[in-house]
Amino acid sequence: MKFTTVNTDLYRALDTVSGAVAAKPDKEILKSILLERKEDFLELRATDMEISIRHRIPVQFLSEPDPELDLIAVPSEQFLETCRSLPEIPITFEVNPNFGVLLSHDRGQYDWMAFKGDAFPEFPSITDGQSIQFDRNQLKTGFGLIGFSVAKDISRPGMMGILFEVLEGSARLVSTDGHRLARCIFKNYEGDLDVRALAPSKAFMQAARIEGLDECKIEITENHLSFDFGYTQVISRLINASFPNYERAIPTENDKIVHVARKELLESIQRVNIFASENSNHIVLDCQDNVISINAVDIERSSKGAETVSCVYSGEPTQIGFNAQYLLDLLRYLPSDEITLSMGIPNRAALLKPVPQSDSIHLTFLIMPIMLNKL
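So the sequence shown is numbered by my numbering: it starts at 5 and just counts up by one.
Just so you know, these hints were derived from the structure itself, not from any lab. Hints may contain errors.
[Claimed, not checked] In silico DSS-like links for lysine-lysine, alpha-carbon gap of 30 Å or less:
{"id": "1", "residue 1": "K221", "residue 2": "K191"}
{"id": "2", "residue 1": "K28", "residue 2": "K120"}
{"id": "3", "residue 1": "K191", "residue 2": "K206"}
{"id": "4", "residue 1": "K221", "residue 2": "K35"}
{"id": "5", "residue 1": "K357", "residue 2": "K260"}
{"id": "6", "residue 1": "K6", "residue 2": "K35"}
{"id": "7", "residue 1": "K357", "residue 2": "K206"}
{"id": "8", "residue 1": "K357", "residue 2": "K191"}
{"id": "9", "residue 1": "K28", "residue 2": "K206"}
{"id": "10", "residue 1": "K260", "residue 2": "K308"}
{"id": "11", "residue 1": "K267", "residue 2": "K191"}
{"id": "12", "residue 1": "K144", "residue 2": "K35"}
{"id": "13", "residue 1": "K221", "residue 2": "K156"}
{"id": "14", "residue 1": "K42", "residue 2": "K206"}
{"id": "15", "residue 1": "K156", "residue 2": "K206"}
{"id": "16", "residue 1": "K144", "residue 2": "K357"}
{"id": "17", "residue 1": "K144", "residue 2": "K28"}
{"id": "18", "residue 1": "K144", "residue 2": "K267"}
{"id": "19", "residue 1": "K120", "residue 2": "K6"}
Make the full structure from the sequences, and use the hints.
Now the structure itself:
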């Protein structure tokens, strides 16, 4: 294989698939990116055996087709770093019969060894799936809003992914770590499709990175979730575990409603939290008479903090405790200047929503309270 292209084009392609390169693989070849000649295109592939990405770019081939040398696995680290550091210049890439790689330009050259490509894992085949055309920008926005609340605890595999659903004329992305829950409902996806898939958050993160067409085709099979952007495809294995019944967790009878400026509430909680217990981050919100009193105490350090924030409040006076760090995360990700915080009985989840809601995305954050007798 021998071809020429512009370095920046090759680097963008390498960067696109590099998100699937295995960090600590059991096989050395999985640290590589597979290059394959496909007519006038160069196809690049990477996989960590959970997420697989492939991407095609046009290049000018300078060699005749060769079944053996037109399929090679190139160690990714040197390849990526070299192309990243070069300016936008023409480069030539060549593979010799011993699978040595030569990357050259008018001022220098670099060579290293590659692997025979036939030992690289096959790209997953997607057949007999259900599919939906999805707006790429909404996919990126949705992941950016809910990705923070995915669980990191490997003992709870059902919470270590993002749930993707299409039902009742809408598409949904949902994540939870057991303390918080985030749900995005995309309201402009109508049809008879009724599907549900739980996939690693890394799959959505990589799909959200893809640039190009405004729409992608999302396809769901029994074992895989695929994002097809035309020249780029991201495929993930589904998580073989149950996602919590999140609809049951979202309360519908919270009758104590705070309407407040998001930034003012966030900054007050940040300051008061300085004086909360370093171990628990517990704070108390006391809501009444259109004022929120925010309080924190750390007995071990003999410190306490308190602030008030003006709001519009409806409902009986109430006190509710939260982990300040969890609450701050939600406030940081809410995409609006004004928000509502709705509360019910002390042990019932509280809900945060932007005001107003977007015409196309309905966003709900849930946070579990801390019982006040534990503060």
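Could you work out which of the previously given hints the structure breaks and list their numbers from low to high?
Hint check: nothing fails, all pass.
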